[in-house]
Amino acid sequence: MPDNGFEPKIVAFFCNWCTYLAADLAGTSRLKHAPNTRVIRVMCSGRVDPQFVLDAFAHGADGVLIGGCHPGDCHYQEGNYKALRRFHLLRRYLADMGIEPERVRLEWISASEGDKVRAVVDDMVAKLRELGPFRQPAADEPREKVEVTS
Amino acid sequence: MSPKPKVAFYWCASCGGCEEAVVDLAEAILDVVAQVDIVFWPVALDFKRKDVEALPDGAILATFLNGAIRTSEQEEMAHLLRRKSRLMIAFGSCSHTGGVPGLANLFRREAILETVYRTTASTVNPEGVLPQPESRYDGQTLTLPVFDDSVRPLDQVVEVDYYLPGCAPTPKLVAQALGALLSGDLPEKGSVLAPDRALCDECPRKASKPEKLTLKAFRRPSEVIVDPEQCLLAQGLLCLGPVTRGGCEALCVSGNMPCTGCFGPTSRVRDYGAKAIAAIASIVDSNDEEEIRRILEEIPDPTGTFYRYSLPASLLRRRRPESVAA
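Line order of the protein sequences matches chains A and B. For the first sequence, the working numbering gives the first residue as 1, with consecutive numbering after it. For the second sequence, the working numbering gives the first residue as 151, with consecutive numbering after it.
The shape of chain A in the complex, shown without the other chains:
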C-alpha cells in the first residue's frame, strides 16, 4: 500500500437486512477496518438507482460499494438480482467513461458476516489508494489543455 497520504472516500450503499447489519456487527464485535466509507442505509440493494452511483462520483467519491443479501436471501425476493442486472450494464458504461472497475463494487454480505465487511472495505481502500483520487473535469473547464502542437 503506497503511503501517499491519499485517503479514498467510499460511498457505501448497504441494504437494511443484511450488509448494514453486518457492518453493525463488525462494530459491536470491535473489528477494526479502514474508516473510509460513508455508509448510506437503503432498504434493499435493488433500491440503488444507477444515478446514485454516478452522483456519488460527480460529488467527489473515489469509489462506490454496494452491499446486498446473498442470492436467494433477499428480504424482497428479487431485489439483489435486480441490483446484479443493473450492475452488469452500468459497469460497461463506467468502463467507457474511463472509470476503473475497482472503483465500483457489488458484494453479497449477510448479517452474520461482519468479518467480510472488514475484509471488503480494507481491500477496496487498498486498491483505491493504488489508483489515486477520482477527478472529473468541471463543466466550466472545456478547454483545459487547449494549445495544439502539430
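These aren't lab readings, by the way, just hints derived from the structure by calculation. Among the hints, a few may not be true.
Stretches of chain B that chain A covers, calculated by requiring three or more beta carbons in the stretch to come under 8 Å of a beta carbon on chain A [as the list claims (entries may be wrong)]:
| no. | region |
| --- | --- |
| 1 | 414 to 423 |
| 2 | 438 to 450 |
| 3 | 453 to 465 |
Note that CB positions come from ideal geometry on N, CA and C, so glycine has one too.
Fit chain B to the given chain A structure using the hints.
Relative to the frame of chain A, chain B by itself:
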C-alpha cells in the same frame, strides 16, 4: 423601428436538421413571419454578427439556438445572443442535452483531430496539418475558433429559459412554443416545452404492453419482422419509450422503429442514461449471473445506446481525460 417582436435563430454544433425543423412549419412559417421580425438567421437570411452586436441589450424577444457548444466561436455567439435576448431557448437535443455530437465526449480532442485530419481513408493531408487557433500565412495572421476538449449543452454555457426537445423538435411543438411566446402565456422558467410524461403514455401500442414485461433476448430491428401492433419492447426491441419524455406523438414507434430517446428525460430524472440502464436491465428475465451477462451482451454499445443524445448533460459529462487512450 418595427413594433413586431424580434426573434433570432442560430446554429452551433449540430447537423442542420433543426434548421429544417423550422422550415418544416411549412405554410405556418408565413404566419410566424407576419408576427415577428427575424433579425438573425444565418442559414436563411443575410444578417451578420455586427448586426446583432448593434442591437441594444435585451432587444430580441427570443433566440432559438440549436446545436451543442464545441468551439470558442459558438461560446462567444451564445453569450452575445444571451445578452441581446430576453429569452434564450435551447432548440433540439444537441442544445438541450448535448445530442449525438456529444458522444465526442468519449474521446480526447487530440484523438478526434488526429482521426479527422490525418488518419481517415479519405483524408489527403501529406504535411499532417492540424487546425491552429492562430497561424501566419503570407505575412498575415489567420485565426480559427478553438476546438474545445468537451461538448457542452447550452445551459452549461449560458442561462437557458426554455428547452425545445427532440432530434429535431416536431413542427407542432415549435408552433406551440412560438404561440406561447407571442401570447406571453409561458410556463415556469427552465421548463421543457413538451409534456412531462413518458412516451409510453401516448404510444399507440400502449394497450399491448404486458403487465409484467420481461425479456430473455434483445433483438435489433434488422433481425426480426416487426409486428406493427405490439409493444416494441415486448418484441425484444430496445425501445426507450419508458424513460423518454413524450410529446413527439410516437413518431418513430409509429414507423415501426423503437424510440432512441431524443426527447430526453422527464423532470424527475437527473441522468437519462442511468435511468435507461436501470429500466432495461431490470426487465432481463434471469437470476443467473452468467445468463444475465449473456443477455446484456446482446446490447453491443450501452453508452451509445443509452446516452445517444445526452452524454454531455449526464452526471459524468465526459470520459475522464487522465485515462483516455489516444
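Status of each hint after checking the structure:
Under a criterion of three residues with beta carbons nearer than 8 Å to beta carbons of chain A, the stated coverage of the region 414 to 423 of chain B is upheld, 4 such residues being counted. Look at the region 438 to 450 of chain B against chain A: 5 of its residues bring a Cβ nearer than 8 Å to a Cβ of that chain, three or more, so the hint holds. Residues of the region 453 to 465 of chain B lying with their CB closer than 8 Å to a CB of chain A number 5, which satisfies the three-residue condition for coverage.
Violated hints: none; the structure is consistent with every hint.
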